[in-house]
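J.: Here's the letter readout for the chains.
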Amino acid sequence: MQDIDVKSLETAFQDRIDQEIKIEPRDWMPEDYRKNLIRQISQHAHSEVVGMLPEKNWLTRAPTLKRKMALLAKIQDEGGHGLYLYSAAETLGVSREEMVRDLLSGKAKYASIFNYPALNWADMGVIGWLVDGAAIVNQVALQRTSYGPYSRAMIRICKEESFHQRQGYDICLQLARGSDEQKRMLQDAINRWWWPVLMMFGPHDSASAHSAQSMKWKIKRVSNDGLRQKFVDQTVPQLEFLKMTAPDPQLKWNEERGHYDFGEIDWDEFWNVVKGVGPCNKRRLAVRNKAHDDGAWVREAANAYAQKNN
Amino acid sequence: MKDWPLWEVFIRSKNGLHHKHAGSLHAADAQMAIENARDVYTRRNEGNSIWVVKSTDIVASDPEDGDMLFEAAKSKIYRHPTFYQLPDEVNNM
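Chains as they are written, first to last, in my numbering: chain R, 1 to 310; chain S, 1 to 93.
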């Protein structure tokens with residue numbers, strides 16, 4: 001294609017984005033838009049899949065049948081959300097096989113939050129409340145993303161996620177109304193998860209490699225720092241209702257800004273976990289690989305059966 | 001391991017409505033596609049009927065042909081009731 005044609009296609013493309021017209025799979029798009037989306041959507045899908053792992057450890061140890069059923073349903077949703085997102089990425093020309101391979105080999109990234117351990121039952125409450133809460137803030141903004149299939153997946157996911165957060169907060173509420181030991185357990189879980197959750201929104205806007213272009217193409221709709229502030233603002237009243245505290249002495253309402261101020265994230269820790277030296281990186285991938293390998297006979301049997309009937 | 005074929009899933013949310021595209025999934029055969037669609041797309045009573053069709057069996061119009069295909073309809077404003085201005089006395093026709 002002539003350079004001049006590409007230029008005019010790019011201009012027409014940006015015009016459509018600016019007019020809030022969604023881009024659909026077979027429409028022309030710049031190669032970088034495609035690549036950027038494949039990266040973001042597949043990372044998002046991997047995060048849903050790996051996100052099942054910290055919670056599945058607690059299924060057999062849930063305190064009641066009610067809690068167990070709710071947790072099981074939440075984990076099943078996460079599997080489903082991974083599948084919606086993989087399908088959305090596939091419309092851009094990447095294969096499922098390729099994405100799964102990149103996750104299993106450690107080449108692909110997923111949300112760093114899942115490389116932290118879930119040490120006790122209070123973690124199930126705090127993960128649902130804070131981790132899913134942060135994910136929801138991010139995903140609500142992404143419902144308006146410019147790529148049609150991604151936007152549709154996000155709308156579906158958001159509809160289902162609010163149960164996740166509420167069941168998490170419900171666990172926290174029960175602990176907060178319980179014995180001193182249960183209260184201590186809850187506070188301990190909050191202390192461990194608070195900072196990693198704030199890290200979920202990614203680096204500062206000024207240090208985020210893909211942010212500016214993603215905002216221009218409306219792949220992202222709100223900046224990392226904007227989303228983080230929104231999350232803190234809506235979470236602090238929930239924290240106070242539990243009569244719990246955040247491990248941040250600088251967390252304070254700022255009347256002038258109309259927002260909460262909060263302390264600085266430990267960015268060394270952030271980059272370490274991203275680069276693979278977090279507390280559970282190796283374990284998560286090992287468990288995921290084992291599950292994939294253990295399921296091989298099921299996939300083979302299904303193939304053999306389909307072939308026999310063809 | 002090669003991917004299973006891709007299937008497009010259509011769900012009817014209740015009798016009286018059309019089946020509507022819900023998304024896609026991979027499955028080894030049609031029966032598995034229906035069963036997976038049940039788990040992936042109807043966890044919250046979204047439907048009472050599922051269609052699945054292999055993605056490769058769908059023929060789609062080319063977005064580049066959009067103008068050519070749909071221009072004819074755009075220019076025929078007289079196909080819409082609002083094209084005809086009637087006197088107030090009979091305008092609820």
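Quick caveat, the hints were computed from the structure, so don't treat them as lab data. None of the values given here were measured: they were computed from a predicted structure. Virtual Cβ for every residue (Gly too), placed ideally from N, Cα, C. Be aware that one or more of the hints could be misleading.
Unchecked claim - Listing some non-contacts, in silico: residues in chain S with all C-beta distances to chain R over 12 angstroms:
#, residue
1, 53
2, 61
3, 87
Claimed, not checked - Derived DSS-like pairs (lysine-lysine); straight-line CA-CA distance at most 30 angstroms:
#, chain 1, residue 1, chain 2, residue 2
4, R, 282, S, 2
5, S, 14, R, 159
6, R, 290, R, 56
J.: Hints first: check each against the structure and report whether it holds.
T.: Verification of the supplied hints:
For residue 53 of chain S, the non-interface assignment is confirmed: its Cβ lies about 15 angstroms from the closest Cβ of chain R, beyond the 12 angstroms cut-off. Against chain R, the non-interface label of residue 61 of chain S is violated: not every CB pair exceeds 12 angstroms, the least being about 9 angstroms. Listed as a non-interface residue, residue 87 of chain S keeps its Cβ farther than 12 angstroms from every Cβ of chain R; the least gap is roughly 38 angstroms. With a C-alpha separation of about 26 angstroms, the suggested pairing of residue 282 of chain R with residue 2 of chain S holds against the 30 angstroms cut-off.
Using a Cα cut-off of 30 angstroms, the hinted pair residue 14 of chain S and residue 159 of chain R holds, with the two alpha carbons roughly 19 angstroms apart. Under the criterion of a C-alpha separation no larger than 30 angstroms, the hint pairing residue 290 of chain R with residue 56 of chain R is consistent with the structure, at around 14 angstroms.
Of the hints listed earlier, the one the structure fails to meet is number 2.
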